[in-house]
Amino acid sequence: MSALVPTDLAALTVESAPVAMQQGAWERVRRNLSVRIGGFMLALLVMIALVAPWLGTVDPTLFDPASRDLLPGRTGEITTLEGETREHRFLMGSDSFGRDIYSRVLYGTQVSLIVGVCTAIVAMAAGIALGLFAGTFRAADGVLMRVMDGVMAIPAILIAIALVAMWRGSLLTVVVAIAIPEIPRVTRLVRSLVLSIREEPYVEAAVSLGTPRWRIMLRHILPNTVAPLVVQATFICAAGILTESILSFLGVGLPPDIPTWGNVMAEGRAQFNEYPHNIFFPGLFLALTVLAVNMLGDGLRDTLDPKLAKRI
Amino acid sequence: MSAPILELHDLTIALPPGGERPHAVRNVSFAVAGGEVVCLVGESGSGKSVIAQAVMGLLPKALPVEGGRIVLQGEDITHASAARLRELRATRMSMVFQEPMTALNPVMTCGDQIDEVLRRHTALSSAERRAKVHGIVREVLLPDPERIVESYPHQLSGGQRQRIVIAMALVLDPVLLIADEPTTALDVTTQAQILKLVLELQQRRGAGVLFITHDFGVVAEVAHRVAVLRTGELVELGAKHAVLQRPQHGYTRMLIASVPTLQLKERASDPNAPLVLQVKSLDKTYRDRRFLGKRRSVHAAQDVNLEIRRGQTLGIVGESGSGKSTVARCIVRLIDPSGGSVLLGAGRDDIALMSHRALRPLRRRVQIVFQDPYRSLNPRRTVAQALIEGPVNYGLSTEEAMQRARRLLELVRMDAGAMERYPHQFSGGQRQRICIARALMMEPELLIADEAVSALDVSVQAQVLALFEEIRARLDLAMLFITHDLRVASQVCDQLAVMSGGRIVEYGPAHQVFGAPQHAYTRALFAAAPGRGYAFGTA
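Keeping their order, the protein sequence lines are chains A and B.
Note that my numbering has the first sequence beginning at 84, numbered continuously upward.
Note that my numbering has the second sequence beginning at 42, numbered continuously upward.
Next comes chain B alone, as it looks inside the complex:
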């Protein structure tokens, strides 16, 4: 490895007084050498992004650097002037952000935005700049650069936008690239392409990369060295294989143990258990009726057929826009299907096209847990009020409902003291437990989890997944588990359906789909899973 490009020495950054801890980052030291990718991993709130902002000189005023030094190619930039930092950005160091849509200016064409970097920092003529813009756009593998340069961000896909952001970052050949969760907002197949691109460009240029991520799969794909952060402190730093396979610190061990493996678990499920849900040729079409205009229609779900038996978990996996959430919401009847049937339970009541009035008594049999734990609970109602709302709607007395609520809080490993508190007093994982308890209060036959663990940190995710498994086994529930994450799916599903473009492209027992995927899309999806085949270890 060559000389270090970026060095952090005992970097300490304060948090505003009254926060949960005095420092955002405390005594963090590490270095990034040329041609090296250092992954900074940690859970939300660990201070990873603060370090990135500090290096770029983008820290908000509320977070002052209290001690330590940031050295870029031998130059101490800890307290560099705003003018000097402006000179350094884009020319020596640059950054790629998580959400390309907000990182780009929506009212400027992509070409102009790349050109702006050149105009600021170079004295090139407009023809030279134009050539350079086209060159870099070609280099980030965007097809048809002529058209892309003239496009506005909203006309491009998420992956294309991120390529533009990368082009902007690399157009002046900086020695340091900071990538702050650059693929988190992208689908897994797009993520694989972007990761490959970043690595290629980095190797070609010999730049150092500080790669921030929460995803150990991504770490396994890109890192040379790994730095693990926990609540602002560096707990472990070392070469990739050392950290991922022989982690020293207890926290790293715990994080890595929490990463769901892609290996399928042996599961016993009774193929003759009674059917709880049968979905037959379900359709959902959105029609956009314009005044005097032509009609457009979007098929969000087409000809979907599913079956779930008692005690079984069916997983639906797919990328964003594949229609997996549409299917879930049709089954709960949060949206009305356009056609097909949804048969529920032994009575085989078809709720797909039932009137809302007739549906009401049947609603309690299907319950759903949503993705975002922060928005799933009414901020103005206590946990007790949230829990008893459903049963009381169906005629249970308040006392009985309260008793059931206490029992279920215990089941989801929450304190009974939680009853009188408000949602904002709980962490994301705790809130998700409350949401699960709220769904179980209705004693449903089918529990739907719509990306219910996607917003959680990996350690919390492992706990909530374990809770779902335990509940399914104890209450002999049928579960529909919707996720974009194959690792998660492999942990909990008996059956698996792969969706793409509103259709189910592959459907079968999980071991069969994972073991011998038939459809080309399924194979592409599996191939794109980051860190696939990497053996994480905790020995």
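In isolation and in its complexed conformation, chain A is listed as follows:
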């Protein structure tokens, strides 16, 4: 008997049938309820930010002393930059300078989304670079990670306040100031992913195929960290939006003339008892935006990275 090639093997090859196609990752993502709801809300907010000028808004910096402290829905006057006075319906009321809160909140969506996305990009870029470095060079690992631990020990908002105070409030400085405290978290995640992926047999196979170290990093390790990183990026985005509002509210963020939700709320704070709408509407938008991004992130985590979902 030939033990190696049984005669009727060909007729019964168990393995010749292709394995049923795995359900694609994107298919699963699309069908996830929180991804759908979060994605829909976020898409709506992006639309609002893009078409803000055509949604019945006026220039958010315009003010009119005659229209101070109007309640939502009231009609009043507003003076354009050209000195022309126009009738305007204040859908969300006006603040103590007579500025239209509706216009300021809608334009504020632009600022918040830009800050959120840019923060995520900056934090991810720096974190990925540092994480790859720490995961590859064992000598640098110890020192770099202790520095990261040190940064993590300081509350994020304190670092951001200190950094903005050192520089000057502008979009760039605020984004960088918010991103820096997030970098250690990304670095840790990337480093741990690199450390586990580089033990995978396919990476060892690449080593024996003579693939240079940097190419293994870019070709075999980095692409396999994408799923958990996308998830992490959404959470940083939400945190960035929130932190920017906090900074503006405390008066250490973007200059008060830029319409951000935090700035609107900061100005409404003094009159909160009489005119709660000054804080209510920007607060509502802030809450909905952060909720949308977090829902999207949760859904992505559940579908792209089930292991992470169990860990948290």
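If you are wondering where the hints come from, they were derived from the structure by calculation, not from laboratory data.
Take the hints with a grain of salt, since some may be wrong.
[Stated by the list, open to error] A short, non-exhaustive set of chain A residues, derived as facing chain B with CB atoms under 7 Å:
id	residue
1	P284
2	G293
3	H303
4	P306
[What the hints assert, rightly or not] If you only want the chain B side, here are some residues facing chain A, beta carbon under 10 Å, derived:
id	residue
5	P402
6	R416
7	L418
8	P432
9	Y435
Just so you know, even glycine gets a beta-carbon here, dropped at the ideal spot from N, CA and C.
Using the hints provided, position chain B relative to the given structure of chain A.
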């Protein structure tokens, strides 16, 4: 045989919609009598474990019982309540799992875990329970029961842990024991002891055993009757000798024909062929340098000497932790040896302690195929990308590499259409073929197979083994074949090295090592091989 303890009547269990087949198990009927061992055999995905879970009432919600009945001692438990099932488990039926480390709670002592079973199901006083725990621990032949009872699972060896799991299962004298691949995670010598123990305890108690396994050697050792499952359907059921020696169904015949025999094949090899690899006193020591602590060192490999000539296959066999993979990884230089030399080819380049830069041009001459086909291919790269990566690294143009890739896919019996697909679209055996093709793309002089067929089902294993043989012969390659499975080793090796504790304890021509083993460890290893001396037949 006495009255049946467990009966399955037309058991049908559904799979979630959208799967590869509608039923996990379809119309399966068989019975287990008291004092009888029924082996349920089948390849991965055949539904063996699903049947075990169904009997224990442990099926996940996604797999509902659609039809049929499960009867335990006359009581229909197919749709028994959770409370009733809880009463039955441990008292009337119990289960031993594959992986004892995960079956035990890591934060409870072994004694407490056995005691918990007694507390749940009996009204014994704590002194009585204590006596019973010690009794059962002694009965599963654990030395020093006082210490074992106080130990946590991680303080015991794999075999000892499995004995604890068996003690837990048997402490209340159940009439039915379900063993789901109980020895698959264990080394062969430990496996032999555990199999003997299970049989002894079962005979002493007259319990029925449903023994699930994929290993026909184990079947030959333990079974009274054998049930063969294929994709959820029972294809053959009968007494052990009838099924193993005169299988009726084509599938059973194919499975049994695929079981590698322990008989050595006659092989012609040229003893004067040029040396491809010479390993001289190779050492690998892991040092654990603790801050202000004492140094510990582990000798993973010590004074290893090997030679492989062109066209020859050298097998390294040994149990887990014997250092066989360490040797392979030192030769490929995935890890750096601590000492010794690895001389490659006619030029006798010593790559053991060479710098990575100097090593790079030499890497293509040694290639390796790993154990786990699911992790050996980058999930995000197509087969074509995986195949051409190596040659392109060494300056071959993409077109030429693609041509070579197509040729090699044909050699490993894969369709050229595989090129543009991703690894997850292939089965384990197909992936292993792709990995072999990837290694051959480099036109190596030495091919290392590190447990390359261990994760495969027996029929696929036979095909991949045949492929290795064919490639070695056609390309006149030198091969280093690392395996824990003596049957596999006996099929492909010209030379054999037996490793234990990081050292080679026996080394010589395969027929000599198999025919007249000199070292006590080699003899123990051979004696432990399950189903040794059993004549499988396909007549």
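Worksheet item: Should the interface hint for B:R416 be scored as holding, given a Cβ-Cβ cut-off of 10 Å against chain A?
Response: holds (5 Å)
Discussion item. Under 7 Å is the threshold here; is the Cβ of A:H303 close enough to any Cβ of chain B for the hint to stand?
Written reply: holds (5 Å)
Worksheet item: Can A:G293 be said to touch chain B, with a Cβ gap under 7 Å?
Response: With a minimum Cβ separation of about 4 Å from chain B (threshold 7 Å), the hint on A:G293 holds.
Worksheet entry | When the least beta-carbon distance from B:P402 to chain A is tested against 10 Å, hint result | The hint holds - B:P402 has a Cβ within 10 Å of chain A, the shortest such distance being about 8 Å.
Worksheet item: When the nearest CB of chain B is found for A:P284, is that gap smaller than 7 Å?
Response: Holds: closest Cβ of chain B sits about 4 Å from A:P284, inside 7 Å.
Item to complete: Answer holds if the nearest beta-carbon of chain A is closer than 10 Å to that of B:Y435; otherwise answer violated.
Response: Check passed: Cβ of B:Y435 comes within 6 Å of chain A, closer than 10 Å.
Fill in: Hinted contact B:L418 with chain A - closest CB pair below 10 Å
holds (6 Å)
Worksheet item: Is the shortest C-beta separation between A:P306 and chain B less than 7 Å?
Response: For A:P306, the interface hint holds, since the closest Cβ of chain B sits about 5 Å away, which is under 7 Å.
Item to complete: With a cut-off of 10 Å on the beta carbons, see whether B:P432 makes it to chain A.
Response: Interface hint status for B:P432: holds (9 Å vs cutoff 10 Å).
Hint compliance for this structure: no hint is broken.
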